[in-house]
Structures are given as structure tokens and as C-alpha cells.
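Protein sequence lines, in the order shown, are assigned to chains A and B.
What the first sequence shows, in the numbering used here, is residues 1 to 267, in sequence order.
What the second sequence shows, in the numbering used here, is residues 1 to 348, in sequence order.
Please note: incorrect hints may appear among the correct ones.
[Stated by the list, open to error] Below, a list of computed lysine to any residue pairs in the SDA-like style, where the Cα atoms sit at most 25 angstroms apart:
1. K201(B) - R106(A)
2. K122(A) - P115(B)
3. K257(A) - D34(B)
4. K124(B) - L6(A)
5. K246(B) - N60(B)
6. K314(B) - T293(B)
7. K253(A) - D9(B)
If you're looking for bench data, these hints aren't it; they were derived computationally from the structure.
Just so you know, these numbers come straight off a predicted model, no measurement behind them.
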Amino acid sequence: MNKKGLRFYMRIYKKILAQDLKSKLSYRADFVISSIGMIFTNISAFITLWILFQNFPTVMGWNYHEMLFLYGFSLIALTPVQCFFDNNWSLRYYVFSGDFIKYCFRPINIFFYYISEVFDIKGVGQFLFGIGTLIYSWQKLEMGMSVLIFIKLIFALVTASLFMVALMNVAAATCFWLMGTGYIMVTAFKFKDYAKYPITIFNTVFRFVFTFIIPIAFIAYYPSLVFLRPDEIPILTWISPLIGVLFFYISYKIWMKGAISYDGTGS
Amino acid sequence: MEKIITLNDVTKEFKVLNRKEGLRGSIKDLFSRDYNIVRAVCNISMEVSRGEIVGYLGPNGAGKSTTIKMMTGVLEPTSGEILVNGMVPYIKRTQNAQNIGVVFGQRSQLWWALPVIESFNILKDIYQVSDRNYSDMMELYTSLVDIEDILHKPVRQLSLGQRTLSDILAAFLHNPSTVFLDEPTIGLDVSMKGKIRKLVKALNKEKNTTVILTTHDMGDVDALCRRIVIIDKGSLLYDNDIENLKGFFGSYRTVKVRLGREAEELTKENLKRLANELQQKLLDTHPEVNSLTAISNESWIDVLVHEDEIDIMKVVNSIQEHYKIYDLKLEEISTESVIRKIYEGEMQ
Ligand SMILES: Nc1ncnc2c1ncn2[C@@H]1O[C@H](COP(=O)(O)OP(=O)(O)O)[C@@H](O)[C@H]1O
Ligand SMILES: [Mg+2]
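Generate the whole structure from the sequences, applying the supplied hints.
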């Protein structure tokens, strides 16, 4: 038997993904309706921002296009958690019905096996929306582009999504130990809405919480500073990729610990 | 013979938390010491050889599924040792998983949205089955069961029976040394049960796969198992060949009767009622008899008679006094009745 490395898992993931997409596309109505819903949600967010800035040219030193930048950035950073880690939302149902046990019988990593099962295509629309917003605000802010900046941008986006994924992993994993944890998932996911605001608009307590406890400030704010405020990048921005990887690793370990100690329910 | 599975004095206890309601309750639960201990499996020892089909039987809640979950490495025994293919399953979960197949009746493990054949394809990669072995296996499958019309349907569109069939095929796909089937025939109709029995029997024979089967249907046992292991309340009651077991009940006979031509058309409930009525009448006519039972079985009524208590002919005569016997057969005690007697404690 070969060792199961990255290539082994990539191959399986690609196969599952391709098959899953094929079957999803046969439900076109579902896809169209959810896309329309997504478009309306985002348009209303735009209008809110726009109205706000009709009255105030800047909010705490942040102008309209900078806010748009944060918004677009956070939309893109949220794509991985929505597209690839959506099955976390169902975890508590599997755990309480006892069906989770079926993920324990295969000779592969349980976290991978579980997460790979669902790909949520709805996130793709949001991703495109995010890219559009980012490009638009980027031009308006006249920030320019180079290979180096582009690499930085990719790095920043990856880091940001790691935080969101980690947050949702931990929130989902709580169901291995606690009952009725739906509200934890919902709350954790709601926090993403704060991610698109500059952290400086919150008071000190929330700033601390969003940086060190529920680190959503890393989802858009800290990484964006590289582009928006290149002269005043805090140390936290520089080490955020490291913290992101660490945070993801911890969340994975917690998730796996729950899965390994899973008892099943009697049947 | 080569031992595939060894259980040595295995016990499994569950700590069941007395959970509290709401947010505050669940936070308290985190630190709670308010446990009940449920002993699901209790000092079980057994050995299974390569190629055996073992019927692992017991009433609901006996601890069958828990034992299987331990043998598959999902649960850690509280005490005792388990070896499967020479490995401790809980410690080497993934390696163990490579050499076993598992089916839990009514819980499909295939990808819900994908066609069966695509699930098989992914499993081929997961278990790293070579192209050659894979196509050999598929060829074997096609020769054993008619799967063409289910292979290309998404799992969610299949009937329960077709799903179970696919799950069983998936479990054998990587040619594991052992397959665990936990109530595979539950909820299936007679013809699907027949298909599944035939399939499991053929795969066992062809690939010399060890099969551990739990079921409540003695038809499965009669069709597949020579050896049965019976547990109740977590403890082992009996572990032996069925034939030996039946020897203990050598003085029992089953009188199978069909009452009237219309027996074929009677509904299940009516036949059941008729059997009850017959049993009551026989017990009333022969007050010296204690252990006589009559149960419906397909279109027959099986009357189980203990010959030390009463002569068979006497029973047949009494039946004839009350009903018109259309058809009659004499058989040894059925597996079903043996198991029932063991559950009722008549082996001690
Ligand atoms: N995860 C669990 N937590 C607590 N109790 C359990 C758990 N799983 C099984 N049990 C209990 O253990 C006993 C045996 O269950 P099980 O092995 O499912 O029985 P069977 O499969 O023979 O019907 C039952 O009393 C059941 O309630
Ligand atoms: Mg069971």
C-alpha cells in the first residue's frame, strides 16, 4: 500500500468534486434561485454602504472606496469556507443521529472524507461578486498593480480564508461535546459580517475580542492594511499568515479529537 | 485454521451524561460528573477463522453493534483485547479499515447524490484497488446479481433494497478479509432478502471472505451461517454450530400445517390470529402440555411440540378436531424456535 500523501487526497477530491458538480448542474433551478438570493443580499449591502457615505465622506478615516475594498476582500476570503467547508453545517445532525459513524470506516482521514463530501456551488457567485468589487475599488483607489503586489494579495486572501475556515471548524466541532450547538454555528457565521468593517470603528473591548479571541479582524482588516495603509502596517499583519496556519491547525486538531472520540448513538 | 479475529475478554462501557437543557445547561455539561455507566458489552471472548460466516445474534440492545464498532476500530474497548488481521483496530483504525468492509443496514455509506458506479470509482481510489482487480470484481458482481439498472442511478433514487445491495457490493469491492454486516436485511422484502443472501454466500465462497452478520431474521442465518454466537445484555450466551445447538432440542418437532385452501389468501394478521387461536385450543385440550407454541410462518402455521410432553400424533389429531388440515409437514425444530428458546433462557 502506498503512503497516502497530498497527491492521493487531491486525486480523490477532484473525483468527488467533478461528480458532485455534474449532479448539481442537473438541478439548475436550485442554482439559479440561490444565485438570485445572493445577488439581492449583496446589492442591499452596497446600497447601505452607499447611503452611509452620501452623508459622511469618511467614517473614522475610511472612505467609501476603501470600505468597498474591505467588503470585496471579505467576500473573496469567505469563498473557501462556503464552497469547500459547507458540510460543517450538517455535522451536528450526523453526530446526533448516529450517522456520523459512517465516516469512520474508510482508510482515509476522517476530516478530509467528511469535508470533501459537499461542495457548495453557491459560493461561486459570491466569489465573482467579490472580485468585481475588489477590482472596482482598486481602480478607484488608484493603487496600481505589480507582480509583487499580486502575490501579496493572494497571500493575504489565503490567510484571511484560513481564519474563517478555522473559526467554522471549531464552531462545528463543539457538537461532539455539546447538545444543541446550532446557535454556536450561527453566531460564529454572523461574526463574518463584522469582518468587513475596519476594526478601528469598534471600541477597545471589541477590538481586543475580534483580534485575539474571535479573530475575525484577520479576515479582511489586518490583511487589507498591506494595500490600504502601506505606511502603517502593524506587526499583527506581518505575522497573520503564521497565526492563520496555526489557528487552522488547532481547529483541525479539535475537530479530529471530537471525531476520534465519537461514540455513536445506540442502534 | 488462520484466525482473522480474536476477542479476548472484551468489555465496553459507555459513560452517558445526564444532559441539561439550554445554553447554561450545555456549559454546565462540560464540567459535569453526572454520569450513568451503561455496560453494552461484557467480557466477551471469541475467535473467528478466515472464511467463516458467523451469525452474531441477540435481542435489541444486546450489544451486537457495539461489538462490531469495536472490531472496526471506531470504538475503543474499555477493557480486553481485540485483534483483527493481527492489528489492534482502535489503534490502527485506517490500516484496519483497508482490510475490512462494513455495512450498517438502513445507513448507506455511498455518496448520496452520485450514481452508484461513480461511488465505486471513488472507492477504488480510496482503497487503491488496481484496475485489474477492480474490473475482475465488477465482472464477478455482474455474474452474481443484476446490477445494470442500478449502477447508473444516484443512490438517493434507489429503493432501500437496492441501496443495501449497493452497499454490500461496495463493502466487498476492495476484497477485504472480513466484512461486517449489521442487520443488512432489515426492512427488505422477501425477494430482496433472497438476493442478498445469495450474493453474500457467493462472495464468501469466491473470495473466502470472513463475514460477521447480525440479523433478526433466522432465514438469513439458515441460508448463510453454520456457526452462531448469541449474546444478551452484553454477555455471551452461546457460541457453536447450529446443528449442535439443534441437538440440544432434539426432542422437539415442528408440525407445519396449512389450514384450508384459503390459507394462501389469508392476510398476515389473520394468519397470526389463527395461529394464536390454534395454540390456545391445543393448550386447553392438553392441560399437561406447557411448552407448545404455534406461530405463523409464510402461509404455514408452525406448531412446536416437545415430544417428552406429548405425542406428535395426539397433537395432529387435536388440530384436526378443530380445523381442516389441507397440508402437513414434519420438521426438526427451526432455527427461529431454537433462538427464541435460548433468549427465553432454556439453555441454562
Ligand atoms: N454511544 C452510546 N452511548 C451510550 N449507550 C450506548 C451507545 N451505543 C450503544 N449504547 C447502549 O449499549 C447497549 C447495546 O447497544 P447496541 O450494541 O447498539 O445493541 P444491538 O446492536 O445488539 O441492538 C444498548 O443498551 C445501547 O443503548
Ligand atoms: Mg444493532
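Now the hints, each set against the structure:
no.: 1; hint: K201(B) - R106(A); result: holds, 24 angstroms
no.: 2; hint: K122(A) - P115(B); result: holds, 22 angstroms
no.: 3; hint: K257(A) - D34(B); result: holds, 22 angstroms
no.: 4; hint: K124(B) - L6(A); result: holds, 17 angstroms
no.: 5; hint: K246(B) - N60(B); result: holds, 23 angstroms
no.: 6; hint: K314(B) - T293(B); result: holds, 15 angstroms
no.: 7; hint: K253(A) - D9(B); result: violated, 32 angstroms
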